[in-house]
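Student: Sequence:
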Amino acid sequence: MFAHIDINQIKKLTQKEFDQFYELEGWSSTLINSRWVLELMTRDDAPALMISDLGEDADFMDMSEFCVDTYNRSQKYYFTCDSENDVISKVYLHLVQHWDVQEFLEVFA
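Quick note on this note's numbering: the sequence shown kicks off at 1202 and runs consecutively.
To be clear, the hints were calculated from the coordinates, so they are not data collected in a lab.
Possibly wrong hints are sitting among the right ones.
[Claimed, not checked] Below, computed lysine-lysine pairings styled on DSSO-like, alpha-carbon distance capped at 27 Å:
#	residue 1	residue 2
1	K1291	K1277
2	K1212	K1277
3	K1217	K1291
4	K1217	K1277
5	K1291	K1212
6	K1213	K1291
7	K1277	K1213
[Unchecked claim] Computed spacing ranges between beta-carbons, pair by pair:
#	residue 1	residue 2	range
8	Q1210	K1277	20 to 28 Å
9	V1297	K1213	16 to 24 Å
10	E1307	E1224	29 to 37 Å
11	D1258	G1227	16 to 24 Å
12	D1246	F1309	21 to 29 Å
13	G1256	E1285	31 to 39 Å
Please read these numbers as outputs of a predicted model, since none were measured by experiment.
C-beta: ideal position from N, C-alpha, C; glycine also.
Using the sequences and the hints, build the whole thing.
Tutor: Put into C-alpha cells, the structure is as follows:
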C-alpha cells in the first residue's frame, strides 16, 4: 500500500503536541470522498499533516451546509516528520490519489 514511503519516518502527534507548535504556515486542504479533510502545512519549519474525519455519514451533497462547527467537532489525527526527508508530502499526495486514508490511520492505531 505505501511501499514507496518509509512510514517509520512519520511521527503521530497528540492534539496537545500539535497545538504547542509555534508557527503553522503553507496550508493546503483537500476533501476526500466527503469524509476526510487532509491538511498539509509547515509547522516550525517541518512538514505536518492533519487528517479530519467528518464521519461515515458525511455526504458530499451536504457540503454546502458544511460549517466550522462540524469541522471543529470532527476527529483529528496529526502527523509530522523531519524536514530533511519530507515523507509527509509524499503521504499527502498518495492519500489524495488513492483515497486510502482509513488504511493509513490503521498503521498508526
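Student: Indicate, hint by hint, whether the structure satisfies it.
Tutor: Evaluated hints:
| no. | hint | in the structure |
| --- | --- | --- |
| 1 | K1291 to K1277 | holds (20 Å) |
| 2 | K1212 to K1277 | holds (15 Å) |
| 3 | K1217 to K1291 | holds (25 Å) |
| 4 | K1217 to K1277 | holds (12 Å) |
| 5 | K1291 to K1212 | holds (14 Å) |
| 6 | K1213 to K1291 | holds (16 Å) |
| 7 | K1277 to K1213 | holds (11 Å) |
| 8 | Q1210 to K1277: 20 to 28 Å | holds (21 Å) |
| 9 | V1297 to K1213: 16 to 24 Å | holds (20 Å) |
| 10 | E1307 to E1224: 29 to 37 Å | holds (31 Å) |
| 11 | D1258 to G1227: 16 to 24 Å | violated (31 Å) |
| 12 | D1246 to F1309: 21 to 29 Å | holds (23 Å) |
| 13 | G1256 to E1285: 31 to 39 Å | holds (36 Å) |
Of the numbered hints listed earlier, the single one contradicted by the structure is hint 11.
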